[in-house]
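Given the coordinates of chain A, work out where chain B should sit on it, guided by the hints.
Listed here are the chains, written in short residue letters.
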Amino acid sequence: MTTISRRKRRSLTRRTLGWGFGFLTALVLLWIGVVVLLDPDSITSLMASLYGLVGLEGQAAAIAERGLQEGFIRLITVFFAILVGVGGVWFLFTAGNALIEASPSRIRPRLRPWLFILPAAAFLGVYLVFPLVETIRLSITQDGGFLDNYSFVFTDPAMQTAMRNNGLWLVVGTTGSVVIGLLFAALVDRVKREAFAKTFVFLPLAISAVGAAVIWRFVYTWRPPGASQIGMLNAAWTAAGGEPVAFLQTMPWNNFFLILIMIWIQTGFAMVVLSAALKGVPTELVEAGRIDGASEVQLFFRVVLPSIRGALITVATTIFIVILKVFDIVFVMTGGRFETEVIANRMFNEMFRFRNFGRASALAVVLLVAVIPIMVVNIRNLRRQGIGT
Amino acid sequence: MTAVVNARVTLETTEPTTRRRSPFGRFTHNPVVRISVFVIAFFWTLPTAGILISSFRDPNEIRGSGWWSVFAHPFETGQWTLDNYADVLSSAGMGDAFVNSLVVTIPATVIPITIAAFAAFAFAWLRFPGKSILFAIVVALLVVPIQMTLVPLLRLYGDLGLTGNFLGIWLAHTGFGLPLAIYLLYNYISTLPHEIIESAAVDGASPFTTFTRLVLPLSFPALAAFAIFQFLWVWNDLLVALVFLGTGSRTAILTAQLNELVGSRGEDWHLLTAGAFVSMVVPLIVFFALQRYFVRGLLAGSVKG
Chain A
1 MTTISRRKRR SLTRRTLGWG FGFLTALVLL WIGVVVLLDP DSITSLMASL YGLVGLEGQA
61 AAIAERGLQE GFIRLITVFF AILVGVGGVW FLFTAGNALI EASPSRIRPR LRPWLFILPA
121 AAFLGVYLVF PLVETIRLSI TQDGGFLDNY SFVFTDPAMQ TAMRNNGLWL VVGTTGSVVI
181 GLLFAALVDR VKREAFAKTF VFLPLAISAV GAAVIWRFVY TWRPPGASQI GMLNAAWTAA
241 GGEPVAFLQT MPWNNFFLIL IMIWIQTGFA MVVLSAALKG VPTELVEAGR IDGASEVQLF
301 FRVVLPSIRG ALITVATTIF IVILKVFDIV FVMTGGRFET EVIANRMFNE MFRFRNFGRA
361 SALAVVLLVA VIPIMVVNIR NLRRQGIGT
Chain B
390 MTAVVNARVT LETTEPTTRR RSPFGRFTHN PVVRISVFVI AFFWTLPTAG ILISSFRDPN
450 EIRGSGWWSV FAHPFETGQW TLDNYADVLS SAGMGDAFVN SLVVTIPATV IPITIAAFAA
510 FAFAWLRFPG KSILFAIVVA LLVVPIQMTL VPLLRLYGDL GLTGNFLGIW LAHTGFGLPL
570 AIYLLYNYIS TLPHEIIESA AVDGASPFTT FTRLVLPLSF PALAAFAIFQ FLWVWNDLLV
630 ALVFLGTGSR TAILTAQLNE LVGSRGEDWH LLTAGAFVSM VVPLIVFFAL QRYFVRGLLA
690 GSVKG
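As they're listed, the protein sequences go chains A and B. Each residue of the first sequence is one higher than the one before, counting from 1 in my numbering. Each residue of the second sequence is one higher than the one before, counting from 390 in my numbering.
It should be emphasised that the hints constitute simulated quantities derived from the structure, not laboratory data. Keep in mind that the hints are not guaranteed to be accurate.
What the hints assert, rightly or not - What follows is a set of in silico ranges between Cβ atoms, one per label pair, in the way DEER data are often shown:
1) Arg-544/B / Leu-118/A: 22 to 30 Å
2) Ala-227/A / Leu-435/B: 16 to 24 Å
3) Ala-95/A / Ser-480/B: 40 to 48 Å
4) Leu-29/A / Gly-519/B: 54 to 62 Å
5) Thr-16/A / Gly-652/B: 57 to 65 Å
6) Gly-484/B / Leu-38/A: 21 to 29 Å
7) Gly-226/A / Trp-457/B: 32 to 40 Å
8) Ala-288/A / Leu-435/B: 18 to 26 Å
9) His-418/B / Gly-310/A: 30 to 38 Å
10) Leu-29/A / Gly-652/B: 37 to 45 Å
Bear in mind that the values here come from a model prediction, so they are computed numbers and not experimental data. Glycine included, each C-beta is placed from N, C-alpha and C at the ideal position.
The following block holds chain A by itself, in its conformation from the complex:
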C-alpha cells in the first residue's frame, strides 16, 4: 500500500514539476515574443544581453554597437510572430484549463463553460459591441455635433456625388453580376466540361480587389494619340477608328468602368450559386413544360426562374451589400477623384486623412442603416427556404 502511494506521489510531483517548467518556459517565450512584436528594435539589445549572459562580452558589445542585420531582425520577428500568434492562444486556453482543474471541485463545473466562452465574448465586446456604441456616440458628439455631421452626409455637394455614385454602383453592379451570372450558369449547364468552363468565371473571386484594380488599370490604360496603345480597350477603340480615351477620367462614364471591375469579380459568385440552384430544379417540372409545348425560352422564364427565386434573392442581397461597402476598387483606381467618390471611400478619407471622426462615424452609421433592411430581406428569404437561424 505505502509503496504504491509513494510512487504515485512521486510521479505526481514529477508531473507537477514538468508542468510548471513547461508553463514557465512558455510564459518567458511568449513574453519575449510580445516585447519583440511591439518593438522590433528590442531584438538588438535582447541579443546583446543574451551573448553577455553566456559570457561572450566581446560579441555582445559588437552587437550593441553595430546593430543586427535587417534580414536577421525580420527572421526573428517572423519566428516570434508565428509563435506568439499561434502558440499564444493555445497556451492561454491550456493555462486557463489547468487553473480551473485546480479549483475546488464544488465550483469547478460552473467555472468550466466560461473558459470556452469568455475569450470570444471579450473579443466581441471590444471589437464589435463597444465600437458600435462608440461610433454612434461619436457621430452625435464629435466635430460639429449631430446636425452638422448628418447634414454634411446628406447635403454636401461631394457627398451627394458619392450618394449618386453608390446608387449607380448598386443598380448597375448588382444587376450586371446577377444577370451575367445567371446567363452563364444557364448556358454552361448545357455543355460538356462544365466545371472547367466555370473555373474561368469563378477565378476572379479569389483575387484581391487591389489585384483586380491593377489588372483593369492595365486594360484601361491610355496613351496620347499616335503612340502605340498598350491598354486593351484603347487598342480596340483606336483600331475601330476612335481617338484614344482616358477612360478613368471621362466623367460620368468612368463610374461604369469601375463598376465593370466589380461585376467581373462578383459574377463568379452569382454563377456558382445559381448554377447549383438550376440543378435543383425538378426534372419533372421541365419535362411537363416541354410536353405542354413551351419553348426553351418560355421554360426558362416561366418555370426555371420562379423555382430558383430563393437563390436569386440570396445572390442579389449578398452582392448588394458587398457593393454598398465598396472601397478598395475606387481607392486604388481613382481615389475618388474625377467624380467617382463613393461612401466607404469618403469615410476612409474623413477618418484617416482629415481626421474628422464625427463625419466618418456618421458615414459609418449611414452604411449600417442601409445594410439592415437588406439583411432583413435576406434572413426572411433564408427562413422561407428552411435555412438560417
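Relative to chain A, chain B alone:
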C-alpha cells in the same frame, strides 16, 4: 448574415457539379450555346492573361507594344525575362510585403478559429447562464459592417500604441472574423452525434479533453473550410491593413504595398504586372489546390440549421 450566406453557399456549391444532372437532362450541340460559353469565359480571362504575360516581358517591350503582340512571335526568347519579378520582390518591396502578409494572415486565421471553436462547442454542448442571449448577440453582430468599428478602434489603438504592429491587426481580424466563425462552427459542431459527446463525459473526460481530443478532430472539415475562407479574406484585405498597419516598409502587407506602387510608380507596368501577380499567387494556389474543402466543410453542418 450575408457573409454567412455568402460563405455557406460558396462552400456548398463550388463542388464539381458534373455528377448531378441538369434538369434539362442532356448536353446540347447547339453551337450558339457553346460559343457563348466560350466567349464569356474567354473575356473573363483576358484581363488576367494580359498582366500575366506582360509580367514576363522586357520593360521596353511592354511600353512599345500591346501584350497581345507576343502571339505574333511567341518563341522569340529575347522578349521574355524574369527581371521584373526580381525587381519587384527586392527594390519595390513586394518581397518584404509577402513575408508580412504571411505573418499577418497565419495568426489572423488560427486565433479566431481557435477561439470560435471553443465558443461554438460551449454554445452547442455546455450549459451556462445567458447562453441564448449571448448566441443571439453573436448572430446579430454578423450584420455590422467593418466600417462601423474603425473610428473607435483607431482611437483606442492610438491610445494603447497598438497601431503599426502585427499584434494589433491579428486581434482586429480576430474580432471581425469571430461572429461568422462561431456561427459556422456552431452549425457543424452542434450536429455531432450526442452519444459521442455524452459517452466521453461518462468516461470521465472533462469538457476540455472532450473538446481537444474528440470535437476538434471530428470538426476538421468545418475548421478547414472556415480557415480557407478567413485566410483568403485576410490575405486580400486592404482596408483593415491600411487602418491598423499603415504602409511602413516593416509592416506593409501585399495589398497595401501594391497600392503604394500604383500611387508612386503608376506607369511602370513591368513592376505593377509582376507585383499584382506576386500578390495573387497564394490565393490562386489555395483556390486550385483546396477547392474541395471549400465545399466539404460547411455542407454537413450548415445545410440544415
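Hints versus structure:
no.: 1; hint: Arg-544/B / Leu-118/A: 22 to 30 Å; in the structure: 25 Å, holds
no.: 2; hint: Ala-227/A / Leu-435/B: 16 to 24 Å; in the structure: 22 Å, holds
no.: 3; hint: Ala-95/A / Ser-480/B: 40 to 48 Å; in the structure: 45 Å, holds
no.: 4; hint: Leu-29/A / Gly-519/B: 54 to 62 Å; in the structure: 36 Å, violated
no.: 5; hint: Thr-16/A / Gly-652/B: 57 to 65 Å; in the structure: 58 Å, holds
no.: 6; hint: Gly-484/B / Leu-38/A: 21 to 29 Å; in the structure: 24 Å, holds
no.: 7; hint: Gly-226/A / Trp-457/B: 32 to 40 Å; in the structure: 20 Å, violated
no.: 8; hint: Ala-288/A / Leu-435/B: 18 to 26 Å; in the structure: 41 Å, violated
no.: 9; hint: His-418/B / Gly-310/A: 30 to 38 Å; in the structure: 32 Å, holds
no.: 10; hint: Leu-29/A / Gly-652/B: 37 to 45 Å; in the structure: 39 Å, holds
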